[in-house]
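Chain by chain, the residues:
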Amino acid sequence: MGMIRAALLASCLVWPALTPAKQLVLHGYLNPPYVMQQDYSLGGLWIDIINHLQSDSEVELTIEMHPLRRAYKLAQTKPNHCVFAIERSQSREAQFTWVSPLSISRYALFNADTEQATQPGLSALQGQQISAHFGSGVAEYLRSFDMDVVVAKTPEQGAKLLLRERVQVWASDVLTAAYLRQQLPLPQNGVEFFSSVRSIACHPETDKALLQPLQQSLDAFYQSGGLAKLLQRYEQQYQLSMGL
Amino acid sequence: MVCCSWQAAANTEHTALLQHFPQSTLSPEQQLAEWAWFADAAKPYQGMTIRVVSERIYTHWYESNVLAPLFSELTGIQVIHELTSEDDVIKKLQAQQQTGLNIYDVYINDSDLIGTHFRNQQVVSLSRFTEGEGKVVTLPTLDLDDFMGLPFTTASDGQLYQLPDQQFANLYWYRQDWFSRPELKQQFKELYGYELDVPVNWSAYQDIAEFFSEYVREIDGQRVYGHMDYGKRDPSLGWRISDAWLSMAGTGDQGLPNGVPVDEWGIRVEDCRPVGASVARGGAIDAPASIYAIQKYVDWLKDYAPPEAQNMNFSEAGAEIAKGHIAQQIFWYTAFTAELTRPELPITDEHGKPLWRVAPSPTGAYWQEGMKSGYQDVGAWTLLKSTPLKRQQAAWLYAQFAVSKSVSLTKTLETLTPIRYSDVHSEAFSAMAPKLGGLVEFYQSRAHQEWTPTGSNVPDYPQMAALWWQYVGLASYENEPVTQVMQQLAVAMDSKLEQLASSSDSPCAPRLNPQQEKGVWFAHPGSPKAKLDNEDPAGRTLSYKELLKRWE
Numbered sequence: 001m002g003m004i005r006a007a008l009l010a011s012c013l014v015w016p017a018l019t020p021a022k023q024l025v026l027h028g029y030l031n032p033p034y035v036m037q038q039d040y041s042l043g044g045l046w047i048d049i050i051n052h053l054q055s056d057s058e059v060e061l062t063i064e065m066h067p068l069r070r071a072y073k074l075a076q077t078k079p080n081h082c083v084f085a086i087e088r089s090q091s092r093e094a095q096f097t098w099v100s101p102l103s104i105s106r107y108a109l110f111n112a113d114t115e116q117a118t119q120p121g122l123s124a125l126q127g128q129q130i131s132a133h134f135g136s137g138v139a140e141y142l143r144s145f146d147m148d149v150v151v152a153k154t155p156e157q158g159a160k161l162l163l164r165e166r167v168q169v170w171a172s173d174v175l176t177a178a179y180l181r182q183q184l185p186l187p188q189n190g191v192e193f194f195s196s197v198r199s200i201a202c203h204p205e206t207d208k209a210l211l212q213p214l215q216q217s218l219d220a221f222y223q224s225g226g227l228a229k230l231l232q233r234y235e236q237q238y239q240l241s242m243g244l
Numbered sequence: 001m002v003c004c005s006w007q008a009a010a011n012t013e014h015t016a017l018l019q020h021f022p023q024s025t026l027s028p029e030q031q032l033a034e035w036a037w038f039a040d041a042a043k044p045y046q047g048m049t050i051r052v053v054s055e056r057i058y059t060h061w062y063e064s065n066v067l068a069p070l071f072s073e074l075t076g077i078q079v080i081h082e083l084t085s086e087d088d089v090i091k092k093l094q095a096q097q098q099t100g101l102n103i104y105d106v107y108i109n110d111s112d113l114i115g116t117h118f119r120n121q122q123v124v125s126l127s128r129f130t131e132g133e134g135k136v137v138t139l140p141t142l143d144l145d146d147f148m149g150l151p152f153t154t155a156s157d158g159q160l161y162q163l164p165d166q167q168f169a170n171l172y173w174y175r176q177d178w179f180s181r182p183e184l185k186q187q188f189k190e191l192y193g194y195e196l197d198v199p200v201n202w203s204a205y206q207d208i209a210e211f212f213s214e215y216v217r218e219i220d221g222q223r224v225y226g227h228m229d230y231g232k233r234d235p236s237l238g239w240r241i242s243d244a245w246l247s248m249a250g251t252g253d254q255g256l257p258n259g260v261p262v263d264e265w266g267i268r269v270e271d272c273r274p275v276g277a278s279v280a281r282g283g284a285i286d287a288p289a290s291i292y293a294i295q296k297y298v299d300w301l302k303d304y305a306p307p308e309a310q311n312m313n314f315s316e317a318g319a320e321i322a323k324g325h326i327a328q329q330i331f332w333y334t335a336f337t338a339e340l341t342r343p344e345l346p347i348t349d350e351h352g353k354p355l356w357r358v359a360p361s362p363t364g365a366y367w368q369e370g371m372k373s374g375y376q377d378v379g380a381w382t383l384l385k386s387t388p389l390k391r392q393q394a395a396w397l398y399a400q401f402a403v404s405k406s407v408s409l410t411k412t413l414e415t416l417t418p419i420r421y422s423d424v425h426s427e428a429f430s431a432m433a434p435k436l437g438g439l440v441e442f443y444q445s446r447a448h449q450e451w452t453p454t455g456s457n458v459p460d461y462p463q464m465a466a467l468w469w470q471y472v473g474l475a476s477y478e479n480e481p482v483t484q485v486m487q488q489l490a491v492a493m494d495s496k497l498e499q500l501a502s503s504s505d506s507p508c509a510p511r512l513n514p515q516q517e518k519g520v521w522f523a524h525p526g527s528p529k530a531k532l533d534n535e536d537p538a539g540r541t542l543s544y545k546e547l548l549k550r551w552e
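These protein sequence lines are chains F and U, in that order.
Just so you know, the first sequence maps onto residues 1 to 244 in my numbering.
Just so you know, the second sequence maps onto residues 1 to 552 in my numbering.
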């Protein structure tokens, strides 16, 4: 549902409305609480960070919303176009130029028994079906260890597969899980197993004069402690600690 | 006699752990005493969860799935030991240094970054830590002198920055069963005029590659190839090149571990300061030896490897030799020895013994005695200063457990990536020799000191390693001329050194030499070396037995 809504919103969530010649176009996808629709604007952790980068770096940015697959494709094919945020990984490294890291995500495995869970190592999951959502990179990660993974279109769909007992385990980043827990009766504790660096990925021929100030602003945001404070706000709102 | 609570408890507790670690250079009583020490030292950290990241090889799978749960049972410290691609480990370490966020509590990071760590001072000096804030959690029986890889994890400032966790080397790999077939030996001698045996130089390697790919073509009904490599423009191509191609060709200078004053990356260092990578500044990345190395790499990949190899990366190519259609590989990572000794594979016999052997890699036309012979990877425990002290201490306990004498021999026999002299010279490891195709002989000889990791000349490994795959990939993947690519790479490396020079206040930060005519540097002794009149001397081979004597 989130993807469909994102696609419908694509034409109206353009900011700013007029695009000057030298600017970056950032293609995003709805992914609460990282990117959320709030009335007629966008909000969420990544939007807050990008807003800061825009004002600090003075690089002209336009945000457009799409389904993830489309956003990814646009960044692959058009210079000065980027997708935010995707996992920065070895297999993707050569395909993009990166502004990194936009955020760190902690991934956990949730099932009905994880209230008292201990860390067993991935081998303990052999034989169990796991749901993970498209685009997280975690489905591919788990499959590379020969895990039986069902790919859901959205985190919400992945969680519902667990609640309907269609899978034994749900893999999600802990911030998304905390957000969804407000709406769904999901287990409180998961077994953490993976951390990922999520970044803005731009077409490799993107103008470096646009990317450099953006990266410098991002670095300065970390070094000032501003980004850590922003993250703490989300941790408090969703009542979790990511241990960063 | 001094006695403490953990020693007194040793006889009664933790005996269940003995079944998991039946092989040890310690007695069972000594093993129990070590475990009692861990349980006692970990008490202030019980209930904590620590995060570890390492590259994805079998050794770390074993640690993540066997050692981590046992450590948690023993100490009450939970461990999330994550496995990921090597480039991701480096990117995550970089991200932690860049953001100051505590992404992981400890990294198992290749010692190739030693030149980065001691210059940027974001890594904890273990020399200081074990005598200071970490003393209370430092295992009394750790025995640092027993670690083979310590010279590679100690920087030129004399500080130990990383503790070795696993080691593996790049060695020549070949199908000894095919090389022993009389009809093939006869055919080779008729064609090339010398014995089909282990190649000592690149000319012989090239002849053997051509022989299997062009003349033999099929063995037992299967298409076979005389060479295997990979060429996809991907971060893993960078290691393939910087790890070993240039060192084997003879780009650097004599002197271990990496060549003095020019190392195997072609970087010249004066008084710990990198002064240039291009020949114009006294380096050797665009020197004839380096161009020769990359030209051979590109030509052999295209001419003698399976056609699909050009589009493969490290992990895709790694699985190929197990399929049984490759005759030789100029260098092969022994980290995969455990996987290549599985009895169901076509490269082992009916008793599970390998039909292959490892030997010293052949060397190129510019190589001379006294230079490093190849690459060795040392994955090592690395603490960052941005990690809170209590978390560093808890993570340090796990790190030491994974390499402790009570655990390490069993781990070594299982994973075949030894780190301790005591394990390598143990009866149990020696007894494995017939099953491991030369690996035991390598580690029991002095050779393990001649196969070395990237050294301290490289001032920013994450940034500079990326240049290798970005440029060499243009030659291997997009067919651009090698000479032009290496000249561009040299300019890019110099530019990166210059950038580091202006942004670092380290006493060992780069300081570039002025540019001079190349002939000025070629007239100097050593590297960079002028082009040889003949880069293709006669091929030379030796029997496996004779070659192993080089390791004695």
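None of these hints come from the bench; they were simulated from the model.
We treat Cβ as the ideally placed atom computed from N, Cα and C, and that holds for glycine.
Some hints could be false.
Claimed, not checked - Taking beta-carbon pairs under 7 Å as the criterion, some of the chain F residues facing chain U (in silico):
id: 1; residue: P79
id: 2; residue: Q90
id: 3; residue: E93
id: 4; residue: I104
id: 5; residue: L244
Unchecked claim - Calculated pairs, DSS-like style, for lysine-lysine (alpha carbon to alpha carbon, straight line, at most 27 Å):
id: 6; chain 1: F; residue 1: K160; chain 2: F; residue 2: K78
id: 7; chain 1: F; residue 1: K73; chain 2: U; residue 2: K496
id: 8; chain 1: F; residue 1: K229; chain 2: U; residue 2: K232
id: 9; chain 1: U; residue 1: K531; chain 2: U; residue 2: K43
id: 10; chain 1: F; residue 1: K78; chain 2: U; residue 2: K232
id: 11; chain 1: U; residue 1: K496; chain 2: F; residue 2: K208
id: 12; chain 1: U; residue 1: K189; chain 2: U; residue 2: K43
id: 13; chain 1: U; residue 1: K390; chain 2: F; residue 2: K208
id: 14; chain 1: F; residue 1: K229; chain 2: U; residue 2: K385
Claimed, not checked - Quick look at which bits of chain F chain U covers, simulated, 3 or more residues with Cβ under 8 Å:
id: 15; segment: 25-33
id: 16; segment: 212-224
### Query
Against the structure shown, which of the earlier numbered hints fail to hold, in ascending order?
The structure conflicts with hints 1, 6, 7, 8, 9, 12, 13 and 15, although it agrees with all the remaining ones.
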